[in-house]
Amino acid sequence: MAWINGTTIAMVLFAIGATALIVRRDLVIKLLALGLINSSGILFLISVRFHPQMTVPILPVPDGVLIADPLPQALVLSAIVINFAILALSLVFVMLLVERYHSTDCERIEHAVETEKATLGSQNLATISGSDETEGRP
Amino acid sequence: MISRAVLLALLPVIAGVSLFQRRRLTAVIGMGLFSLALAATYLLHSAPDVAVTEAAIGAALVTVIYVLAIRRTGRLLVVGDEVPGLLAFEGDKLVGIEVEILEGFARQLGLDLSIQVIPHAEVEATLLRGDADLAAGGLCADCDGRLHRGRTHLPTALVRLSSQKGSPGGSRKEASTKRCDYNGYFSDLVKAIRSNEPVEATLDMARFLAVSRCDLSDWTVDRLSDSRGYAFVAGPGRADIRKQLNSYINTLEDTGALDEMIRRHLP
Amino acid sequence: MKRTIRTILALLVSMLVCCVVLLDLVVPEAPPRPDDTILLAERTGASNLVAAVYLGARLYDTLFEVLVFTVAVIGVRFYLSHRPSTARPVPIPESHVIQASAQILLPLILVLGLYLTFFGHLSPGGGFSGGVVAASGLLLCVMSIGLDTVYKRLSGAGIERLEWGLPMMIVAVCVLPTAFSRPILSNLLPIGEAGQVFGSPSILLLNALVGLKVLIGSWMVLYTFIRHRGEI
Numbered sequence: 001m002a003w004i005n006g007t008t009i010a011m012v013l014f015a016i017g018a019t020a021l022i023v024r025r026d027l028v029i030k031l032l033a034l035g036l037i038n039s040s041g042i043l044f045l046i047s048v049r050f051h052p053q054m055t056v057p058i059l060p061v062p063d064g065v066l067i068a069d070p071l072p073q074a075l076v077l078s079a080i081v082i083n084f085a086i087l088a089l090s091l092v093f094v095m096l097l098v099e100r101y102h103s104t105d106c107e108r109i110e111h112a113v114e115t116e117k118a119t120l121g122s123q124n125l126a127t128i129s130g131s132d133e134t135e136g137r138p
Numbered sequence: 001m002i003s004r005a006v007l008l009a010l011l012p013v014i015a016g017v018s019l020f021q022r023r024r025l026t027a028v029i030g031m032g033l034f035s036l037a038l039a040a041t042y043l044l045h046s047a048p049d050v051a052v053t054e055a056a057i058g059a060a061l062v063t064v065i066y067v068l069a070i071r072r073t074g075r076l077l078v079v080g081d082e083v084p085g086l087l088a089f090e091g092d093k094l095v096g097i098e099v100e101i102l103e104g105f106a107r108q109l110g111l112d113l114s115i116q117v118i119p120h121a122e123v124e125a126t127l128l129r130g131d132a133d134l135a136a137g138g139l140c141a142d143c144d145g146r147l148h149r150g151r152t153h154l155p156t157a158l159v160r161l162s163s164q165k166g167s168p169g170g171s172r173k174e175a176s177t178k179r180c181d182y183n184g185y186f187s188d189l190v191k192a193i194r195s196n197e198p199v200e201a202t203l204d205m206a207r208f209l210a211v212s213r214c215d216l217s218d219w220t221v222d223r224l225s226d227s228r229g230y231a232f233v234a235g236p237g238r239a240d241i242r243k244q245l246n247s248y249i250n251t252l253e254d255t256g257a258l259d260e261m262i263r264r265h266l267p
Numbered sequence: 001m002k003r004t005i006r007t008i009l010a011l012l013v014s015m016l017v018c019c020v021v022l023l024d025l026v027v028p029e030a031p032p033r034p035d036d037t038i039l040l041a042e043r044t045g046a047s048n049l050v051a052a053v054y055l056g057a058r059l060y061d062t063l064f065e066v067l068v069f070t071v072a073v074i075g076v077r078f079y080l081s082h083r084p085s086t087a088r089p090v091p092i093p094e095s096h097v098i099q100a101s102a103q104i105l106l107p108l109i110l111v112l113g114l115y116l117t118f119f120g121h122l123s124p125g126g127g128f129s130g131g132v133v134a135a136s137g138l139l140l141c142v143m144s145i146g147l148d149t150v151y152k153r154l155s156g157a158g159i160e161r162l163e164w165g166l167p168m169m170i171v172a173v174c175v176l177p178t179a180f181s182r183p184i185l186s187n188l189l190p191i192g193e194a195g196q197v198f199g200s201p202s203i204l205l206l207n208a209l210v211g212l213k214v215l216i217g218s219w220m221v222l223y224t225f226i227r228h229r230g231e232i
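Protein chains in written order, with the numbering used here: chain P, 1 to 138; chain H, 1 to 267; chain U, 1 to 232.
Think of the hints as simulated: they come from the structure by calculation, not from any bench.
Each residue gets a CB set at the ideal place from its N, CA and C atoms; glycine is no exception.
There's no promise every hint is true.
What the hints assert, rightly or not - Computed beta-carbon distance windows for the label pairs:
id: 1; chain 1: P; residue 1: Arg-100; chain 2: H; residue 2: Phe-89; range: 16 to 24 Å
id: 2; chain 1: U; residue 1: Ile-98; chain 2: H; residue 2: Gln-244; range: 20 to 28 Å
id: 3; chain 1: H; residue 1: Gly-256; chain 2: P; residue 2: Arg-25; range: 45 to 53 Å
id: 4; chain 1: U; residue 1: Asp-148; chain 2: P; residue 2: Pro-60; range: 55 to 63 Å
id: 5; chain 1: H; residue 1: Ala-121; chain 2: P; residue 2: Glu-99; range: 47 to 55 Å
id: 6; chain 1: P; residue 1: Arg-108; chain 2: U; residue 2: Asp-148; range: 32 to 40 Å
id: 7; chain 1: H; residue 1: Leu-36; chain 2: P; residue 2: Lys-117; range: 38 to 46 Å
id: 8; chain 1: U; residue 1: Phe-180; chain 2: P; residue 2: Arg-100; range: 49 to 57 Å
id: 9; chain 1: U; residue 1: Pro-107; chain 2: H; residue 2: Phe-89; range: 52 to 60 Å
id: 10; chain 1: P; residue 1: Thr-119; chain 2: U; residue 2: Leu-67; range: 23 to 31 Å
id: 11; chain 1: P; residue 1: Lys-117; chain 2: U; residue 2: Leu-67; range: 28 to 36 Å
Stated by the list, open to error - A few chain U residues that don't get close to chain P, going by computed Cβ distances all over 12 Å:
id: 12; residue: Met-143
id: 13; residue: Val-171
id: 14; residue: Phe-198
id: 15; residue: Val-214
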């Protein structure tokens, strides 16, 4: 039972998040898995130096009691808010992709993008080869 | 002490179960629950600031913006394959009986209609995944138990078509295939039949009518004995759409508009 | 394809096992020294040591956090700006349950947000959590009244101009101590009695500014999403 502490569970959560990120093909679930990886890192940072006898880092503290380390908690606070902002931005991109390609499946979107690039590339080739000759050397 | 261990052991279970769900909404709500459990864990690890922030952000705001990002934007998504007479391309537009029914239905619901043509075999999988609301395009077979089948708007029958030059693979498929069955798009099938490639397919009457315009002297045609009907199929959990669609088709039939549509598109 | 998935999974599982085994060997056990924390409290005058850290000792990091948040909000508004996605926004008839419960709950939520923000240096909370709680209160408001009403009232009060001005104000509060010949990023206002509300007024001021920033930023994100996607 002693091995169920925050650090090991954070590792397990990281592994679950990474597996879901690779295996699932839906973009929204990939983002959820990324959020899970973030949360696992935060849990790890908070629970690294934690004893069960430690108390809350707020100041009127009785004598002889250790305080939980306030430094990682402060750093992690900013990290949570930044995660939310970055998640909002990445959801914007997912929404734009879905509205364009009508699917959240990453393989289908990649396929559609490549076919688009192929058709656009074959159109551009003619114009590029035409304009190259007009550019003279200094 | 024990509650901390129990909560920590519960976290991977919640995360694992919610990330490997089939529906996206279930995964989002599961991760909201995971955020709450994580906030409680932070509290038990003597980090109350982090706990309050994680609870407020993870459970409230993140779940809300995911739900907003997932939902469909007031559109009725229909997928299906082409069937001449029911859902066919005329130049760039789609015309047919089913197209008219769907347009009127979408207008009644106040949504935009968006029809996508995908290969016949993928229709059910798309519905089950939740990527579409309705399936159209001459569906006349029994569908998966989770999907909701509407009422038939046009009766039909099944016809089995096989090339006499010898079927690919050497073995005949049993006539117990009770569904309209072919690979890929219908237009590819027509091209294959025209170029006399060996093909095995089970077709319904509308598709067969289109195919019969080609030269079918080399082909064996068996008419299967059951009679079926065309219907729309709604995705899992969209029984409300099926109910509304049924009532809409009922009103169409009562006013005689349905018969008029059939007469116009299928001579 | 299945084989690559299996190999990746095996890789991850082995990584997990290695980490679990090696962890107890790598991280040394050293409890934090109590003297540092008392020094921190005396320097900033805050009882909540976490607030003392991220608004006192580590103010520079908080500045950049504000910057990243601002840039992300700008990005969200920019990328969703050019398209009126719902051509006729369909107003959703609000359920009376939501309206009635919002009338009761909304003052409580806003008071909780204000309390978390303004007492963040004495008890758990702070600018971040206070701002987020108040933003979820605004969301409840939107769900019960309707987006356009709330937006008109808020932008009538000049919330967008406030959003532009807040990062500058936060930077100004950080830079101003140089005018009083004190080092940059230190306390702007003098410290009073530790443990009282106005015991550390500069931390209170910074908490309030950061809370307001997070509130307005989250509101902008939510508003842009709801405008683009239709009301909940």
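The hints, checked one at a time:
Taken as a hint, the range 16 to 24 Å holds for the pair Arg-100 (chain P) and Phe-89 (chain H), whose Cβ atoms sit roughly 22 Å apart. Between Ile-98 (chain U) and Gln-244 (chain H) the Cβ separation comes to about 25 Å, which falls inside the hinted range of 20 to 28 Å. Taking the beta carbon of each, Gly-256 (chain H) and Arg-25 (chain P) are about 47 Å apart, inside 45 to 53 Å as hinted. For Asp-148 (chain U) and Pro-60 (chain P), the hinted distance range of 55 to 63 Å is not satisfied, since their beta carbons lie about 48 Å from each other.
Under the hint 47 to 55 Å, the C-beta atoms of Ala-121 (chain H) and Glu-99 (chain P), about 26 Å apart, miss the expected range. Checked against the hint of 32 to 40 Å, the C-beta distance between Arg-108 (chain P) and Asp-148 (chain U) comes to roughly 36 Å, which is consistent with it. A C-beta distance of roughly 43 Å is found between Leu-36 (chain H) and Lys-117 (chain P), which places it inside the suggested range of 38 to 46 Å. Checking the proposed 49 to 57 Å range against Phe-180 (chain U) and Arg-100 (chain P) shows it holds: the Cβ atoms sit about 55 Å from each other.
In this structure the supplied range 52 to 60 Å holds for Pro-107 (chain U) paired with Phe-89 (chain H), their Cβ-Cβ distance being about 59 Å. Under the hint 23 to 31 Å, the C-beta atoms of Thr-119 (chain P) and Leu-67 (chain U), about 41 Å apart, miss the expected range. Distance hint for Lys-117 (chain P) and Leu-67 (chain U): a CB-CB separation of about 35 Å, consistent with the stated range 28 to 36 Å. At roughly 19 Å, the least C-beta separation between Met-143 (chain U) and chain P is larger than 12 Å, which holds for a residue marked as non-interface.
Every Cβ of chain P is farther than 12 Å from the Cβ of Val-171 (chain U); the closest lies at roughly 16 Å, confirming the non-interface assignment. The beta carbon of Phe-198 (chain U) is kept farther than 12 Å from every beta carbon of chain P, the shortest such distance being approximately 16 Å. Residue placement check: Val-214 (chain U) does not keep its beta carbon more than 12 Å from all beta carbons of chain P (closest about 6 Å).
Hint check: violations occur at hints 4, 5, 10 and 15; the rest are consistent with the structure.
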